[in-house]
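Each chain, letter by letter, is given below.
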Amino acid sequence: MQQALVTYAVRLADDALIYGQRVSEWCSNAPTLEEDLALVNVTLDYIGRARMFYEYASSYSGLSEDTYAFTRDGRDFTNLLICELPNGDFANTLVRQYLLDEYEALFLGVLSSSSDDTLALIAQKSLKETTYHLRRSHEWVLRLGMGTDESHARACTALDALWGYTPEIFAMDDIESGLAAENIAPDRLALLGPWRENVARTLQSAGLPVPADSWQVEGGRRGIHTEHLGHLLAEMQVMQRTYPGLQW
Amino acid sequence: MVDAGFPLWEVFVRSKRGLDHIHVGSLHAADAESALEYARDTYTRRGEGASLWVVKSSDIVASQESDAESFYDPMDAKPYRHAANYELPDGVDNM
Numbered sequence: 013m014q015q016a017l018v019t020y021a022v023r024l025a026d027d028a029l030i031y032g033q034r035v036s037e038w039c040s041n042a043p044t045l046e047e048d049l050a051l052v053n054v055t056l057d058y059i060g061r062a063r064m065f066y067e068y069a070s071s072y073s074g075l076s077e078d079t080y081a082f083t084r085d086g087r088d089f090t091n092l093l094i095c096e097l098p099n100g101d102f103a104n105t106l107v108r109q110y111l112l113d114e115y116e117a118l119f120l121g122v123l124s125s126s127s128d129d130t131l132a133l134i135a136q137k138s139l140k141e142t143t144y145h146l147r148r149s150h151e152w153v154l155r156l157g158m159g160t161d162e163s164h165a166r167a168c169t170a171l172d173a174l175w176g177y178t179p180e181i182f183a184m185d186d187i188e189s190g191l192a193a194e195n196i197a198p199d200r201l202a203l204l205g206p207w208r209e210n211v212a213r214t215l216q217s218a219g220l221p222v223p224a225d226s227w228q229v230e231g232g233r234r235g236i237h238t239e240h241l242g243h244l245l246a247e248m249q250v251m252q253r254t255y256p257g258l259q260w
Numbered sequence: 015m016v017d018a019g020f021p022l023w024e025v026f027v028r029s030k031r032g033l034d035h036i037h038v039g040s041l042h043a044a045d046a047e048s049a050l051e052y053a054r055d056t057y058t059r060r061g062e063g064a065s066l067w068v069v070k071s072s073d074i075v076a077s078q079e080s081d082a083e084s085f086y087d088p089m090d091a092k093p094y095r096h097a098a099n100y101e102l103p104d105g106v107d108n109m
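Residue numbers (the numbering used here), protein chains in the order written: chain A, 13 to 260; chain B, 15 to 109.
Keep in mind that the hints were calculated from the coordinates and are not lab data. Take these hints with a grain of salt, some might be off.
As the list claims (entries may be wrong) - The calculated DSSO-like cross-link candidates involving lysine-lysine, where the alpha carbons are at most 27 Å apart (straight line), are:
(1) B:70 x B:30
(2) A:140 x B:30
(3) A:137 x B:30
As the list claims (entries may be wrong) - Residues of chain A placed beyond 10 Å of chain B at every Cβ, according to the derived structure:
(4) 59
(5) 140
(6) 141
(7) 184
(8) 204
(9) 238
(10) 239
All C-beta atoms, glycine included, are put in the ideal place defined by N, C-alpha and C.
Next up, chain A with everything else stripped away, as it sits in the complex (with noise of 0.2 Å):
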């Protein structure tokens, strides 16, 4: 069981990291200097997350968190791949923060009644930070998608590129399913019906179709990734892979 908790732990931790890792790239870049500022308050949200996941699970395996960050490999990462993707771009970066948004506070809200302590107090934490991101990044769905020609033609070209991803979100393997018989992690599949009714209520508000289910990619928590992994980690771990235990 304690295996499972720091497998579950650091995928977790996972998905914060390479996502606000991500999502970063955007400072400087924003189109303008509020929607910039706006952005790195949402990834630092997600580094501070990845930080508590990963302390969670330095408890039991005695790795610090800058182990995990800064030393595995890409085979190594159990993110979803939906995290890791390439920001694209703002209609894309904006629709998929909009469909993990929808996904995280589903997750959390369970999660914030697990049976663990820490995790659960991590999640209630974390809920208030996303119940914002949902407000903003919702809104911006509705602003993409009833805009312009052009933004309504890029969130959907955004929703069609990113949408194979997200039934990996859902996806419930032995280790979560063992730790959800003990109401320590959250039942994936049982999200998947909320979640898909809640984006398709937005995307129809915001005049967007909801894309087909013609397609779809997993392997992430598995450590099989897009090509996209490998760059982002070089950038990220560049500095501890040269001078190994650099301190600030």
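Add chain B to chain A, keeping to what the hints say.
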């Protein structure tokens, strides 16, 4: 950075209940909701706020520098209008 041509909004933050909203700055945003969200992200990220107002800058009516002589000079030399001679009770910190 692209000038998206968004309207300007003035931001007011109340740091805690019981105090007034204080003008802290301005920002550009397309609509009221995004102005409120940007105000949150720009001006309250270090825990400064308990309440936020955003007001379209174009909705503010301002006095002009050229009005100063007629508006403010007549207030000079009227010390009896100041409450400076009252002693404040202990515990009144914001007067």
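**Q.** Violated constraints from the hint list, given by number and in increasing order
**A.** none
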